[in-house]
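Chemist: So you can see what is in the structure, the chains are spelled out below.
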Amino acid sequence: MRGQPRDDRGAAASQVIRIVVPHSGSPGKTRLGHAREELSLAMLADVLAVATGVGRTWVVSPEPVADANWIPDPGGGQGAAVEAALREIGAGPVLVVNSDLPCVTAEDVQALASAAAPAIAPAEDGTTNALGLPDASLFAPLYGPGSAERFRAHFERAVFVNRPGLRDDVDTLDDLERLAARCGPNTKAALVSV
Amino acid sequence: MNVAVLSGGVGGARFVQGLVDVVEDVTVVGNVGDDVEILGLNVSPDLDSILYALAGLNDEERGWGRANETWRTLEIVGELGGETWFQLGDLDLGLHLVRTQALRSGEPLSSVTLRLARALRIETRVLPATDDRLRTWIETPAGDFPFQEWFVARGHRDEVDAVRFEGEADAQPAPGVLDALAAAELILVAPSNPFVSIAPILAVAGIREALAERRVPAVAVSPLIGGRAVRGPADRMLARLAGGTSPAQVAGRYAGLIDALVVDEADADDLEGLGEVRPIVTRTLMTDPEARKRLAEAALGGVIA
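Here the protein sequences line up with chains X and H, keeping their order.
Heads up, the first sequence is in the working numbering, so the first residue is 1 and it goes up one at a time.
Heads up, the second sequence is in the working numbering, so the first residue is 1 and it goes up one at a time.
Be careful, since some hints might not be right.
Claimed, not checked - The following label-pair restraints were derived from C-beta to C-beta distances:
(1) X/G53 - H/W137: 51 to 59 angstroms
(2) X/G53 - H/T140: 54 to 62 angstroms
(3) X/E63 - H/D21: 42 to 50 angstroms
(4) H/R118 - X/A49: 32 to 40 angstroms
(5) X/A35 - H/D21: 37 to 45 angstroms
(6) H/D158 - X/G53: 48 to 56 angstroms
As the list claims (entries may be wrong) - Just a sample of chain H residues kept apart from chain X, beta carbon distances all over 12 angstroms, derived:
(7) V36
(8) L57
(9) D59
(10) R72
(11) G78
(12) L93
(13) Q101
(14) E107
(15) R135
(16) G155
(17) A162
(18) R214
(19) R215
(20) D259
Stated by the list, open to error - Going by beta-carbon spacing under 8 angstroms, a handful of chain H positions derived as facing chain X:
(21) I122
(22) P217
(23) A260
(24) G302
Calculated from the structure, these hints are not laboratory results.
A virtual CB, placed ideally from N, CA and C, is assigned to each residue, including glycine.
Please construct the entire structure, taking both the sequences and the accompanying hints into account.
Modeler: Structure below.
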């Protein structure tokens, strides 16, 4: 398409979707029970499979993740981890998609990328599951209780993205069992084994 | 999800029909610049197109007015030497009688419009941009005309030099309009003529300010396909008043007021000059209910599923 902004390598800049997936790594979600690490990695694998199909993807986590572009998590929580990742990958549009969204689809990720303003995918409990940022500089480390509304207040303009794949995060084994039918293949397999 | 949409008549009404299939909470802010008094009756053609479309009573083929309409009253008016240049059907007249009586008894247009919508069992909120008198005037080489005189009586064949809105300095947003814009999670501009359908809405100062200071994205749908209007004079007006019919010229009518513009696939190679406005490319011709729904979904940009 003519008229698209181009970066200095000549590629159509707007066509390269960049995705950061923060993952707290081991011990993962503390409420997932004994199988937490296996399930947490399976959910991450499903999110990464979808994300890499949509765009260039990085994981920010304490330890390297096999077959993924890794950015070390400096510690200090998810906000600090995402800030570190955004420093590493530089300016430009970016999506931040949490690793505990085992039902996320390519269409969900595309919707974040195509929003006409900063996009916020809220969880049922008012926390934030994913962000779509027209530029990395718009990020602020606002995660935690009520963060979806705090992100909305932080942006000059913003839109909530309400799609099941982005809304359904996993805090407990009950969550996972409820969502089992819609989960990605890695999470499904891990659920069978636990 | 809660959406506010600025809309003109026929094309806008079709778009709103698709939108209410996808979004549960919709407020339509309709154009009143082409309202007209005919045979002593107050007619609001754009609001009526929206009401009829949402009630499923609209004539699909003609685009305006009611389906299964008859014209016997107008025939008699003609036989008796009355004015017949503006077509009011027998069924349509019923609505104008109710509205005219209400306005004459002092009821504001917004109130009677909500009442008509309720009577037609429409759940969508339909509001006029303003309850105050706001009238679109068309300036042409042949002289200045009230909108309907230029559009209907003269068949919109005079080239347009300028458009002005009588009463714009004093027009206040109708009750509920600013609340709807403040509560909306997304603001849409229907595929209506930017000069004579949307501009009269934006001529109401409070509405323009609400859009300029919005905290949510605003997305307009271009009324052009391949640089041509599906119906009406939007393409000729853009060419003459904005210097061209590309998406950039459409977006230019809404400078600072929109974040994205939905354009047809036929215009996908012509996206230069949009600046900050993000293009959303899709098929925009609303041929049937499915196509209308798809267009609404494209305008929403996948923010709900």
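Chemist: All hints, please: hold or fail.
Modeler: So, going through the hints one by one against the coordinates:
1. A beta carbon spacing of about 55 angstroms between X/G53 and H/W137 agrees with the range 51 to 59 angstroms that was offered as a hint.
2. About 55 angstroms separates the C-beta atoms of X/G53 and H/T140, a value consistent with the hinted range of 54 to 62 angstroms.
3. The beta-carbon spacing between X/E63 and H/D21, approximately 48 angstroms, falls within the hinted interval of 42 to 50 angstroms.
4. Remark: the range hint 32 to 40 angstroms for H/R118 to X/A49 is contradicted by a beta-carbon distance near 50 angstroms.
5. The hinted window of 37 to 45 angstroms between X/A35 and H/D21 holds, with their beta carbons roughly 43 angstroms apart.
6. Checked against the hint of 48 to 56 angstroms, the C-beta distance between H/D158 and X/G53 comes to roughly 55 angstroms, which is consistent with it.
7. With a least CB separation of 35 angstroms from chain X, H/V36 remains clear of the 12 angstroms interface cut-off, as annotated.
8. Residue placement check: H/L57 keeps its beta carbon more than 12 angstroms from all beta carbons of chain X (closest about 32 angstroms).
9. For H/D59, the shortest C-beta to C-beta distance to chain X comes to about 34 angstroms, beyond the 12 angstroms cut-off, and the non-interface label holds.
10. Listed as a non-interface residue, H/R72 keeps its Cβ farther than 12 angstroms from every Cβ of chain X; the least gap is roughly 49 angstroms.
11. No Cβ of chain X comes within 12 angstroms of the Cβ of H/G78; the nearest lies about 50 angstroms off, and the non-interface call holds.
12. Against the 12 angstroms criterion, H/L93 stays outside the reach of chain X, whose nearest CB is about 42 angstroms from its own CB.
13. With 12 angstroms as the threshold on Cβ separation, the claim that H/Q101 sits away from chain X holds: the shortest Cβ distance comes to roughly 42 angstroms.
14. Every Cβ of chain X is farther than 12 angstroms from the Cβ of H/E107; the closest lies at roughly 36 angstroms, confirming the non-interface assignment.
15. With a cut of 12 angstroms on Cβ distances, H/R135 stays outside the contact zone with chain X, its closest approach being about 33 angstroms.
16. Interface exclusion of H/G155 from chain X stands, the closest Cβ pair being 36 angstroms apart, more than 12 angstroms.
17. The Cβ of H/A162 sits about 30 angstroms from the closest Cβ of chain X, beyond the 12 angstroms cut-off, so the non-interface label holds.
18. With a minimum CB-CB distance of about 6 angstroms to chain X, H/R214 fails to clear the 12 angstroms threshold, and the non-interface call is violated.
19. Not every C-beta of chain X lies more than 12 angstroms from that of H/R215, the closest at about 6 angstroms, which undercuts listing it as non-interface.
20. For H/D259, the requirement that its beta carbon stay farther than 12 angstroms from each beta carbon of chain X is not met, with the minimum near 4 angstroms.
21. About 24 angstroms separates the beta-carbon of H/I122 from the nearest beta-carbon of chain X, more than 8 angstroms, and the hint is not met.
22. At a threshold of 8 angstroms, the smallest CB-CB gap from H/P217 to chain X is about 4 angstroms, leaving the interface hint in force.
23. Hint on H/A260 holds. Least Cβ distance to chain X is approximately 4 angstroms, under the 8 angstroms limit.
24. The closest approach between the C-beta of H/G302 and any C-beta of chain X is roughly 3 angstroms, which is under the 8 angstroms cut-off, so the hint is satisfied.
Hint check: violations occur at hints 4, 18, 19, 20, 21; the rest are consistent with the structure.
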